[in-house]
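A.B. asks: Chains A and B, in that order, are what the protein sequence lines are.
So the first sequence is numbered by this note's numbering: it starts at 11 and just counts up by one.
So the second sequence is numbered by this note's numbering: it starts at 3 and just counts up by one.
I should point out that these hints are in silico values taken from the structure, not numbers from a laboratory.
Certain hints may be false.
[As the list claims (entries may be wrong)] Here are the computed lysine-lysine pairs in the DSS-like style, where the Cα-Cα straight-line distance is at most 27 Å:
id : chain 1 : residue 1 : chain 2 : residue 2
1  : A       : Lys209    : B       : Lys318
2  : B       : Lys14     : B       : Lys50
3  : B       : Lys322    : A       : Lys438
4  : A       : Lys209    : B       : Lys316
5  : B       : Lys218    : B       : Lys150
6  : B       : Lys318    : A       : Lys207
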Amino acid sequence: MTTTETPGADLPLQQLERVVIRFAGDSGDGMQITGNQFTQTSAVFGNDLATLPDFPAEIRAPAGTRPGVSGFQLQFSSKDIHTPGDAPDVLVAMNPAALVVNLGALKAGGTLVVNTGAFKANDLKKAKLDSNPLEDGTLDGYRVISVDINVRVLDALVDSTLSTKDKSRCKNFYTLGMMYWLYSRPLDPTVNWLKVKFKSRPELIEANELALRAGYNAGDIHEMFQGQYEVPKTEELPAGTYRNMMGNDAIAMGLVAGAQLAGLQPVLGSYPITPASTILESLASYKHHGVVTMQMEDEIAAICSAIGASFSGSLGITTTSGPGMALKTEAMGLAISTELPLVIVNIQRAGPSTGMPTKVEQSDLLQAIFGRNGDAPIPVISCSRPSDAFELTIDAVRIAVQYMTPVIILSDNFIANGAEPWRLPDLKDIKPFPVQFAEDPENHQTFARDEKGSRAWARPGTPGMEFRIGGLEKDIDGNVSYDPENHQAMTDQRHNKIAAIAQTIPTPAVDGPDSGDLLVLGWGSTVGILTQAVETAREHGLPVSRMHLTHIWPLPKGLEEIFSNFKAILVPEMNMGQLTRVLRGEMPHHNFIPHNKVTGQPFLTTEVTAKIENILKG
Amino acid sequence: MSETATTKLTRKDFVSDQEVRWCPGCGDYAILASMQKYMADSGADPAKTVFVSGIGCSSRFPYYMNTYGFHTIHGRAPAIATGVKVANPDLSVWIVTGDGDALSIGGNHLAHILRRNVDVNILLFNNEIYGLTKGQYSPTSPVGTVRKSTPMGSVERPFNPISFALGCNATFVARSIDTDAKHLTKVFAAADAHRGTSFIEILQNCVIFNKDFYSKVVDRSVRADMTVDLRPGEQVIYGAENDKGMRFSAKGLEKCSAADADLWDPTSATESQAYAISQLDQDPDTPKPIGIFRSVEAQVYEQQVHKQVEAAVKDKGPGKVQDLVYSGDRWTID
Ligand SMILES: Cc1ncc(C[n+]2csc(CCOP(=O)(O)OP(=O)(O)O)c2C)c(N)n1
Ligand code: SF4
Ligand SMILES: [Mg+2]
Chain A
11 MTTTETPGAD
21 LPLQQLERVV
31 IRFAGDSGDG
41 MQITGNQFTQ
51 TSAVFGNDLA
61 TLPDFPAEIR
71 APAGTRPGVS
81 GFQLQFSSKD
91 IHTPGDAPDV
101 LVAMNPAALV
111 VNLGALKAGG
121 TLVVNTGAFK
131 ANDLKKAKLD
141 SNPLEDGTLD
151 GYRVISVDIN
161 VRVLDALVDS
171 TLSTKDKSRC
181 KNFYTLGMMY
191 WLYSRPLDPT
201 VNWLKVKFKS
211 RPELIEANEL
221 ALRAGYNAGD
231 IHEMFQGQYE
241 VPKTEELPAG
251 TYRNMMGNDA
261 IAMGLVAGAQ
271 LAGLQPVLGS
281 YPITPASTIL
291 ESLASYKHHG
301 VVTMQMEDEI
311 AAICSAIGAS
321 FSGSLGITTT
331 SGPGMALKTE
341 AMGLAISTEL
351 PLVIVNIQRA
361 GPSTGMPTKV
371 EQSDLLQAIF
381 GRNGDAPIPV
391 ISCSRPSDAF
401 ELTIDAVRIA
411 VQYMTPVIIL
421 SDNFIANGAE
431 PWRLPDLKDI
441 KPFPVQFAED
451 PENHQTFARD
461 EKGSRAWARP
471 GTPGMEFRIG
481 GLEKDIDGNV
491 SYDPENHQAM
501 TDQRHNKIAA
511 IAQTIPTPAV
521 DGPDSGDLLV
531 LGWGSTVGIL
541 TQAVETAREH
551 GLPVSRMHLT
561 HIWPLPKGLE
571 EIFSNFKAIL
581 VPEMNMGQLT
591 RVLRGEMPHH
601 NFIPHNKVTG
611 QPFLTTEVTA
621 KIENILKG
Chain B
3 MSETATTKLT
13 RKDFVSDQEV
23 RWCPGCGDYA
33 ILASMQKYMA
43 DSGADPAKTV
53 FVSGIGCSSR
63 FPYYMNTYGF
73 HTIHGRAPAI
83 ATGVKVANPD
93 LSVWIVTGDG
103 DALSIGGNHL
113 AHILRRNVDV
123 NILLFNNEIY
133 GLTKGQYSPT
143 SPVGTVRKST
153 PMGSVERPFN
163 PISFALGCNA
173 TFVARSIDTD
183 AKHLTKVFAA
193 ADAHRGTSFI
203 EILQNCVIFN
213 KDFYSKVVDR
223 SVRADMTVDL
233 RPGEQVIYGA
243 ENDKGMRFSA
253 KGLEKCSAAD
263 ADLWDPTSAT
273 ESQAYAISQL
283 DQDPDTPKPI
293 GIFRSVEAQV
303 YEQQVHKQVE
313 AAVKDKGPGK
323 VQDLVYSGDR
333 WTID
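In isolation and in its complexed conformation, chain B is listed as follows (with noise of 0.2 Å):
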């Protein structure tokens, strides 16, 4: 960055001066505190920082964010991220969208934003409902999810979106707590040092239209019992006690005595075993997991386009208008 240490920027640097219009209690503004605070803490210089959103309460972030922001359309945040990130590759370029953006409207772009692994961040804040349209069901709520335009219950089975980025061979898939600042920092901070597309989801309360979904995993009083965070290269453990743990087996993922737990390998060369993990959600008696659950290298998209035009200059040399125009078969008539 810039900035000297001298001129450190605090996380009121980071707030734009728009007032903030989500519903009071809203899980946003924690993620937002969060993102600011990390932003000040990481040093991230705010000229070179983008981030890019959708259409939804979550998608209106940037406007929140003292970076260059850039509200879209619903669903092409990641298409929009994809170009703004490879004419500058030097920005750093988050992404905010929510589960209706990212998955229903935008799936295709999602999925193919983190096949090509653009080197930028996606924050799906996952409330498995569609907050600014008024609460209906989504691509992520559960069976009989009644509202307004499913009376008797959703009959659609909802996408996992761990599971969704991982069968997109994501390079870093993790999970987070909107009101938990410290995992969620600590998420940030590894997603931004991944090079590639970092997909987060991060479960975050609607306070109006689908109050406390999640509070069956995490109200403070069951939250250790009910989540397992997955932290690289530690023992997959859990429980108020840190006495439950995870194993693999041949049978495949299996509760265990925490000295039994296996230890955490986001790097391993397939995904089956973070998408098996991932699939504990659907039992209600396991611990849903939070952390990382992917973290691999590969090629990034844009560094990629921008080796090929460095190339074809250098073997061709810089090209010319006048030859691009004059070559081919030509003649003269004077």
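Just chain A, with the same shape it has in the complex (with noise of 0.2 Å):
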């Protein structure tokens, strides 16, 4: 840490490479909204970044209680980062019941920015708490800023012709203004990004901007802090454009993008469900892109027009998360059966049945891979992070439409609401698939194959190629087939066709020696974390190397030459050992060692480290 002077300030300036910050307040208190504007205004300064939003499932719970808190915690920094923290340095907390939810995550003397004016008996009664943390000692070992955050925004807004309610509302821009003071952010992207969101409200933004000012200002005028604080922006990050992405917005371009790059337009049928909507929301809005969406009644309807869009010859989309994806599975079958492309997007969240709607799980995994009747192969992919879901989304759409086959995009709540800084690809690097459609009569049979093993895909409208297709098991030319050895051989080929993808999936590359006692071996949201862990074994003196798959069926191809080369593989999850499975079925002749959580929060680096100094020293 290293300590200078700013110019015109009085109070110093220290240096950090990094610092953790959690948010939580009521979620009536726009905690995501600071979170996200901390997020950007710090990644528009330069740092990197990971974030992890937490919220309830409940719009509104009853104001002030536990189930109520909503938190954002994010990590910026000067250097190269993969996980939103383990432990905040910083938590403030905007009244009692965020503040007891959240105060065991605080790092050991860490700083806690309280807002006192939330501390009256009845809020600590809604908190249920029998005494005020403020003062029963529950603080001593953390340096407490204590400001009254409720009084002093109503004293910043005297002038404002706002009600008091709305005046009240504008508290988290005041904290926000606090912490962008310690932290030396600049206030312009949240001011212009106050000047859009409330464009036709005036009245809002000047209240609003009014409030993060003043708690800029009280900064400033050095009432509370001792100091600010810098952390400079990161020469780490490799060369290139940047902007801040979340998964789901990342899928979203990316579903559009692989349309264009097919030559096909893009046919969305949705119906909203925590945490997939915002995939429906976003492409709802690219119309200009040609995007056609539909809001379908139900899961099941959303997958059968996709269905009946490429059957057309679109590109059939349906977005979803796991009750959704449970309901969809007959029609899975159909595009399976008629071989028709589709994708399917499945924003994970905790189960079983409704779960925890927005807390982070990976335990639909054997669902997308085996849950359907019937030998029934899909291809799978994860996105592991907002920054690999454009490219893996377009990954998707090419499967679905060179294999003509339903393709389940993985995803969770971590990575679809998570955001990083995301280095924006040379679209022109892309290389495009176009569909060429079959539209001559002449020798055409709807399921006769390319060498590849696909069908070729005519569309009605063609002239001469009138076909019938359906769930029936069916022939060459498509017509019904009991036939014994057809069906053995339609089998055959549909299962055979899927495992071919694997040729064209590039081996994943093994992070550290390609031999030694240690692989952990990851998928999906993990990749920050599980990348931090091996990091800080290896800090350790630990030999530790490190894998993480993206495409998970078919396997990559060339797994089991490398797992051959360690002696134990360590498989870290989000459930409760499903990769495991899949890979023991797989590779039974290697050592694969299962680490579950399902917590509905991700795992914390040291719960990682810990494991693998277990198993290398135990």
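Build the complex from these two chains, which are given one at a time in their own frames, with help from the hints.
C.D. replies: Written out as structure tokens, the structure reads:
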């Protein structure tokens, strides 16, 4: 840590390499906006960052209660980072419930900014507290900064014509202003955002900007902090143009890009469900890109309308989460049987059943790979982070149209709502894969296959090609067939077609030595945590390598050989061991060690590091 | 259509090469023949015609039409057809479904396609039984239907498909009879001409599991007295002598002499008269209404969907992926 003086300020400016902040308040306090604004500003400032939003499923759980607490954690850094951080350095608590729910996570000796205005007797009661944690010693050992934000925001807005209630709602911008001062962030990005957000309500732009500036100035006139910090922009990210990106947005863009690379109109059939709805919403706003969206009556209708669109020669797409996947199951079989392209997106959430809609889990993997009646293979691709979702989504579209198959893209809550800097791809580098529809009736057979094992795509409207297809077993002409040999042959062909996709998938790279005692193998949103955990383990002198899967079914080629070079393979997953089961089934001769967590929260790096140490030293 | 008058197609051109597998005597044959003939006579283009079906005996229909066809999954044809039509509004899309397919497993989708008014034609083959699964009662079977799954009789009140469709604000609602080729053809033509979802219930004989269930209504000997054909703009009259009629009075719908019968207007502002007539079924002594219950204009789903896309393109200019990706706050690292 270096200490410098900023010209014009008499408080010391300290440089930090990285900071983890958690904003916590009532769901009505606007903590997600606050967190997103801090993230956006830090991204534009040039930090590397990772975020972890954590909010209740209820839109407004009773105000002030523990279930109503909404949190947003982010880590911003001048170095390359992989996770939102295990323990926050700073906790901003807008009320007693937010304080008690989050205090356990705060680093020992960490800084706590509390809104004392929300610690009245009634507030304590709502949080089920018998005594006031500000006074009963609970906060001993932390650096507590007490601010009555409720009063200060009203003071700042005395001249505003807004009602007192509306003024109070500017609290989060006051808080954001204080944090901007503390970490020397520019105000402009948020001010600009307010101008767009409240375009039609200038009085709200004014009030929120005033609150933001008042919070900032409160820091500046050194009332509360001992000094200011700075986290310089990172020099470690590769050169390029960046923007801050959330996973669901990246998937929505990838779908538009993929459809264009295929030369098809994207047609989405969807039904709202947390945490997938924002993909439907984004795509609905991309109409000028030729995107058609249909909000259907349920998930079955959603996938069915997408299948109908593919039958007509468009790119059918459907987006959902676990419970919706369950409903779509039968229709997936129809797309498999009729060999129509289709992109199915599952933003996983904690299950089973309704589970915990806003919490993270990776427990739909086996459902994606195997969860259908009959032998019904579907390729499964998993995003790992917001910044790889765009390109993986394009790859899903490629596989769907080149192999005439539904493809499942798995993501999860953490990727969907988490944000990180995305180095924008040069779109010219992405090779198009235009679809060639079959138009010549001469010698055409509906289920004749090319060298890839895929059938040709003919569509209605083409003269002379009239065909009938359906979910009954069919022969090469598409006609219904109960012939035993034919069913065996068609089943084999469908199976082989999907297996052959492995030839087009690169073997994932090994991070670290390509042989040794331990390989940590992950998939999905654990990538940052596993990267960090492995780095930490190496710093502790432990020889450990790491690999991450994006294409999970079929598995990429070459894994068997790589696995043979390791004594053990640790498979951490946010489920009860689903990838482990797949791997044990496919490659029974290796020593896979499952490591599982299903709390609705990501792994902490320390948890994984401890497991690695335990195996290597054990 | 693309063909010229000199290459006018015949019924045979709409017959596929697949062997028809319905039971001999099944009402589905007659409907199929009428449809193939209607397609030829109306100058339909097989390349632009799609039949979409669910699952059931009736849903095998697409295999036998020499057009495009999609035999899908149980109950979901309306949702699939919605996607087919939205993706390519130039196609003429027909849905074939059964009473079980449309009204039990697919009831939700049927309601919603009618509400959305997608420009497709729905043919619901109502045999008041599950044919394909060997004769269980269906949601249109009368109370007390005794079958293997209801050895003591069914205890459920049936749906009236016409009332159901009217209740969903369907814009075109009609009923016909499998073996009445002339009437069927007339209804097909009206449905085909209608812009929006056309719903046709076709009374269909299942000779194996519900033989002649409708004979009290459709037998040649009683049909004139036991059916009343709703013809737009004509009087509501029936009877072998065309001497009986219906009219709406303050008391509601009532029988009257042909001279006093009301003119039938399927375009009236509300569904109430059509609904009242559809409920005549409840009374075994009154004729069963067939013909066109309702035919009104309303905005068509897929047209609106595409209009919005066109408006967005006009407003914002054709979107480029480059602009989409390279939008929002960006920064550069050298
Ligand atoms: C998901 C699903 N559930 C059940 C079935 C079994 N099934 C096939 S057809 C049918 C009922 C068909 O009745 P209906 O729609 O009246 O058609 P019909 O055979 O009478 O023409 C049933 C229950 C199925 N194919 N799929
Ligand atoms: S079971 Fe009934 S409906 Fe099915 S084919 Fe035979 S007669 Fe027709
Ligand atoms: Mg039936």
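A.B. asks: Could you run down the list of hints and mark each one as holding or not?
C.D. replies: The hints, checked one at a time:
About 19 Å separates the Cα atoms of Lys209/A and Lys318/B, which keeps this hinted pair within 27 Å; it holds. Of the supplied pair hints, the one linking Lys14/B and Lys50/B holds, its CA atoms being roughly 17 Å apart against a limit of 27 Å. Straight-line distance between C-alpha atoms of Lys322/B and Lys438/A comes to about 13 Å, which keeps the hinted pair within the 27 Å bound. Restraint check: the Cα-Cα separation between Lys209/A and Lys316/B comes to about 23 Å, which is no more than 27 Å; the hinted pair holds.
At roughly 24 Å between alpha-carbon atoms, Lys218/B and Lys150/B fall within 27 Å of each other, so this suggested pair holds. Proposed proximity of Lys318/B and Lys207/A is supported: the alpha carbons are some 19 Å apart, at most 27 Å.
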